[in-house]
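So the sequences go chain by chain: A and B. The numbers in the numbering used here rise by one with no breaks, and the one at position 210 of the first sequence is 210. Remember, the numbering used here sits 1000 above the position in the second sequence when you count from 1.
Don't take each hint at face value.
[Unchecked claim] To give an idea of the interface, some chain A residues facing chain B are shown, with a C-beta separation under 10 Å as derived from the structure:
#, residue
1, Gln12
2, Pro15
3, His16
4, Asp26
5, Gly28
6, Ser33
7, Phe34
8, Gly57
9, Ser58
10, Leu61
11, Ser63
12, Asp68
13, Asn166
14, Gly167
None of these hints come from the bench; they were simulated from the model. In this text the structure is predicted, and so the values were computed from the model without any measurement. We put the beta carbon where it would ideally sit given N, CA and C, even for glycine.
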Amino acid sequence: MIAEGLVDLARQMAPHARMIAAGGTDDGQIGTSFAKVVGGIEQADLGEGVVLLCDLGSAILTSETALDFLDDDVRSRVRIVDAPLVEGGVAAAVAAEVGGDLESVVRAARSAAGAEPAPSTNAAESPPPSLVTRTVTLVNKDGLHARPAADFAKLASTFTARVTVNGKDASSLLAVMSLGLTRGMTAQISSADPDGAAAVAALGDLLESGFGEE
Amino acid sequence: MNLNATWAKAWIRSSAQVMSEHRVELIDLDREIGDGDHGENMDRGFQAVLHKLDDLPPEAGPGDVFKFVATTLISTVGGAAGPLYGTAFLKGAVAISGTIELDGPALVAFLRAARDGIVLRGKAESGDKTMVDAWTPAVDAAEAALAGGADDRAILSAAADAAEAGALATEPLIARKGRASYLGERAIGHRDPGAQSSALLLRAAAATATTA
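Chain A extracted, bound-state conformation (with noise of 0.2 Å):
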């Protein structure tokens, strides 16, 4: 099943993430149930809220549904994304493994859908001088491939300061991933907030340590 499949790809990057696989029929075929739905909404929901990523036609039509039957402070708490199933199922988990809110946790599957996940837009116009930068070369022989990129985005997000690489939100794991970065190509790991420096050394360092791969 594709959501069961998401859900085992998803944890290798969030382990700790609360995720539950929702996909297919009451009988284990291709399509939707009501039953596994709302199910997979009570079990994800520790009162801190729910993202509910659905991909096409039924699976749409149930979690709206679904949503209609909920307590209404129950529904309050709940999100349906729009976004591309995996790619923000994935950035989803890992915005929730690192402890992000409801709404930066629906942000994340929703820079899947091809919208700039920065949180302002003025900033993106006129970046603000770098006041800390470094470059590191990676080493390691697939670069920053999804799971290297799930954990230099959870690094990231593990600091209040905001720092950037090549110019993308380091904390965004679709951002990041977005630069294809392969061995051989430098990063550019720059924090323009005067509490910068930890996160950009112990960012550079993460990348050069080659993430423990050849």
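Following the hints, complete the assembly by docking chain B onto the known chain A.
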């Protein structure tokens, strides 16, 4: 028959029989322009409703019957039709909540709320070659009949007639919603299975009301 809980249950029993009888017809229509499971899904869903209909408490009103139908159809029909019919019955049930017996205005309110639920859920408009093309003419006809002083049975008959005409009128249309929309002009000449099952359902409602 007055439009009370007994009618509501009789309508649903009749619908289960009709969906069973028209299972192959709906499968064939859906095979032309969809994925061929509509007849199977509707039959399965209404059989599930049928088996549990007698479990309803005796004091259940028509709104309670339709709410039960809604939740059962959503869980058992699957596909897009489950949420669509489920929402229709749910919204219709809410519109007549607490009513013991539907009069003309309540009946029209029920039909209109059901149609609005389908539109809300499926986001289809008239002419998109969907269930809406049966339901909207049915609601319009019911409203006109009510305004013309018709009784509840005549209102239901008018709605069923209009739904059948509406389903027939989907044949020359290009689908703009659902799986049939992937077919473009190849959907022309085929009747929409959802509009057809909607017409069957409303005909069963009218037929049940006219029996003693």
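Here is how each hint holds up against the structure:
1. Because the smallest distance between the Cβ of glutamine 12 (chain A) and any Cβ of chain B comes to about 31 Å, over 10 Å, the interface hint for this residue is violated.
2. Given the 10 Å rule on beta carbons, the hint for proline 15 (chain A) is violated: about 33 Å separates it from the nearest Cβ of chain B.
3. Taking 10 Å as the C-beta contact cut-off toward chain B, the hint placing histidine 16 (chain A) at the interface is violated, the least distance being around 32 Å.
4. Hint status for aspartate 26 (chain A) relative to chain B: holds, with the closest Cβ pair at about 8 Å, below 10 Å.
5. Below 10 Å, beta-carbon pairs count as interface contacts, and glycine 28 (chain A) has none with chain B, the closest being about 12 Å; its hint is therefore violated.
6. Because the smallest distance between the Cβ of serine 33 (chain A) and any Cβ of chain B comes to about 7 Å, under 10 Å, the interface hint for this residue holds.
7. The criterion of a C-beta within 10 Å of any C-beta in chain B is met by phenylalanine 34 (chain A), whose closest approach is roughly 5 Å, and the hint holds.
8. Against a cut-off of 10 Å between C-beta atoms, the interface hint on glycine 57 (chain A) holds, since the closest Cβ of chain B lies about 6 Å away.
9. Interface hint status for serine 58 (chain A): upheld, as the beta-carbon distance to the closest one in chain B is roughly 5 Å, under 10 Å.
10. Given hint, leucine 61 (chain A) at the interface with chain B, holds; its Cβ is 4 Å from that chain's nearest Cβ, closer than 10 Å.
11. Of the supplied interface hints, the one on serine 63 (chain A) holds, with its beta-carbon coming within about 9 Å of a beta-carbon of chain B, less than 10 Å.
12. The beta carbon of aspartate 68 (chain A) is positioned within 10 Å of a beta carbon in chain B (closest approach about 7 Å), and the interface hint is therefore held.
13. For the restraint placing asparagine 166 (chain A) at the interface with chain B, the shortest Cβ-Cβ distance is roughly 39 Å, beyond the 10 Å limit, so the hint is violated.
14. Given hint, glycine 167 (chain A) at the interface with chain B, is violated; its Cβ is 38 Å from that chain's nearest Cβ, farther than 10 Å.
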